[in-house]
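Given the coordinates of chain X, work out where chain G should sit on it, guided by the hints.
Below, each chain spelled out in residue letters.
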Amino acid sequence: MINLRAAGPMEQFEILPIFHIPAGSNTLAFTNSSLWMVIGTAAIIAFFLAATRRTEFIPGRLQSVAEVLYEFISDLVRDIIGSEGRKFFPYVFTLFMWILVSNLFGLIPTIPGLPHAAHTFTPTSHLSVTFALAMLTIMIVIIYGFYKNGLKFFKLFAPSGQPLPMYLVLVPIEIVSFLSRPLSLAIRLFANMFAGHIILKLFAGFIVSMVGAGGVFAVMGILPFLGAAAVTALEFLVAFLQAYVFAILTCIYLSDAAHAADH
Amino acid sequence: MGLAFAGPTFSGRLMATDAGKQEPPSLDEFSKRLDAHRGDQSAEEKPYHGGGAAWGRAMRVSSDLLAGIIVGVLLGIVLDRWLGTSPWLLLVGIGIGFGAGLRNMSRTLGQANETPDGD
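Here the protein sequences line up with chains X and G, keeping their order. Just so we're aligned: 235 in my numbering is position 235 of the first sequence, and the numbers increase by one with no gaps anywhere. Just so we're aligned: 108 in my numbering is position 108 of the second sequence, and the numbers increase by one with no gaps anywhere.
So that you can see chain X by itself, here it is in the shape it has in the complex (with noise of 0.2 Å):
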C-alpha cells in the first residue's frame, strides 16, 4: 500500500531535527536542511579535489567540467566588477556552486522507505538560508563600499546631476530601494525553488489520486505524469538559472560598492 502520508505538497518543506548539539544553556538542533547542507558542500569539495589532483595540460572530463565552472564566474565578475573584482572571484564562485548544488540535490528523487527526516531537502526553499545568503552578500556591500569609498558612499543614494528639489524625492527612494536588495535577492531564490517544487508534487499528487479513482481517469493520469515530467526538466534550468542570477546580482551590487564615487 502506498503510504499517503508524505503526499501533501508542503511536507517536503519540513524542518525536522536529526540530533541535537549542546551549546551552553540551549541547544543547536543538526536538522534534515543542515544535513543536505553539509552533502552539498561535501560534495562540492570532493568533486573539485578529483578535478584538480591530477591536473593536465589537454583537461580530462572533470578537469573540463571544473574550468568551464571557473571560467564562467571568472568572466561574470570581470565583466560586471572589472580588474578590481578579482579579490572578490571566491566569494561569489563559492557562492553559485552552493546555490547551484543545493537546488540541484533538491530534485535527487528520495529513496523510498527511508525515514522522513533523510527525504531529499532543498536548502535553498527556505527563506531563512537564502535570507541569511543575502544578508552576508549586502554586509560586504556595505563594508567594502564605507572601506573604499569611506563617506562618499552615501552618494549611492543621490545620483548626481538633479536639479535640487528633486532630491527630497529621490534620497528616500534609492535609500529604501537600497534597503530592498537584500530582501530581493532572498525571495527570488526562495519563491522559485518554493514553488518548482510544489508544482512538480502536485503534478505527482494527482497521478496517484488519478490512477487510485481507476477507469477513465487511470488513464489519463498520464497527462500529470507527462506535466511532471516537463516541470523536471524547467526546474533544472531554474535550479541552474537562480544560481546565476544571485552570482549575478551579488556583482552588480559589488560593483556599486567599488564604484559608488564615481557617480
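Bear in mind the hints are in silico, worked out from the structure with no lab data behind them. Please note that the accuracy of each hint is not assured.
In silico contact screen, one side only, chain G against chain X (beta carbon under 8 Å); selected entries [said to hold, decoys possible]: (1) S26; (2) M59; (3) R60; (4) D64; (5) L66; (6) G68; (7) G97; (8) A100; (9) R103; (10) N104.
No experiment lies behind these values; they were computed from the predicted model shown. Where is the CB? At the ideal position from N, CA and C, for every residue including glycine.
Then chain G, alone, in the frame of chain X:
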C-alpha cells in the same frame, strides 16, 4: 550544455596527438587555436541562453518590485508605531516603496541592456 563543450575538448585532444607525432606543440600556437575554438563556441552558445534569460529577467523584475513595496510598508509601519503617527507614515511608505520598486526594476533592466551578452 555538456554537448556544447564536448566539441572543443575532443578536437583539442585530437590536435595534440597529431602534433605530438611530428613536433612538440608550442604553447602560443595551442592557445591561439584554443581561442579560435572558444570564439566559435561562444557564438554557438548565444541562442541557447535566449529562452532562459527572458524567464530569469521576468522573475528578477517582479521580485524587485515586490521587495521595494514590502520594505516601504515595513518601514512605514515601524516608524508609525515609534512616532505614533499612524497611518500617515504607512501611506508615505507605500508611495516611497512603490517608487523604490520601480527604481529597482529600471536599474535591473538598464543593467541587463548594458551587458554585451544580454545576460
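Hint check results:
Checking S26 of chain G against chain X by beta carbon gives a least distance of about 12 Å; that is not within 8 Å, so the hint is violated. For M59 of chain G, the interface hint holds, the least distance from its beta-carbon to any beta-carbon of chain X being 6 Å, beneath 8 Å. The interface hint given for R60 of chain G is met, as the beta carbon of that residue sits about 6 Å from the closest beta carbon of chain X, less than 8 Å. With 8 Å as the threshold, the beta carbon of D64 of chain G comes within range of chain X, its nearest partner Cβ sitting at about 5 Å, so the hint holds.
The closest approach between the C-beta of L66 of chain G and any C-beta of chain X is roughly 6 Å, which is under the 8 Å cut-off, so the hint is satisfied. Taking 8 Å as the C-beta cut-off, the interface hint given for G68 of chain G holds, the closest approach to chain X being about 5 Å. Using the Cβ-Cβ criterion of 8 Å, the hint placing G97 of chain G at the interface with chain X is satisfied: the shortest such distance is roughly 6 Å. A distance limit of 8 Å between C-beta atoms decides the matter here; for A100 of chain G the minimum to chain X is near 4 Å, and the interface restraint holds.
Evaluation of the R103 of chain G hint against chain X yields a held restraint, the C-beta minimum of about 5 Å falling below 8 Å. Taking 8 Å as the C-beta contact cut-off toward chain X, the hint placing N104 of chain G at the interface holds, the least distance being around 5 Å.
In this structure, the one hint that does not hold is number 1.
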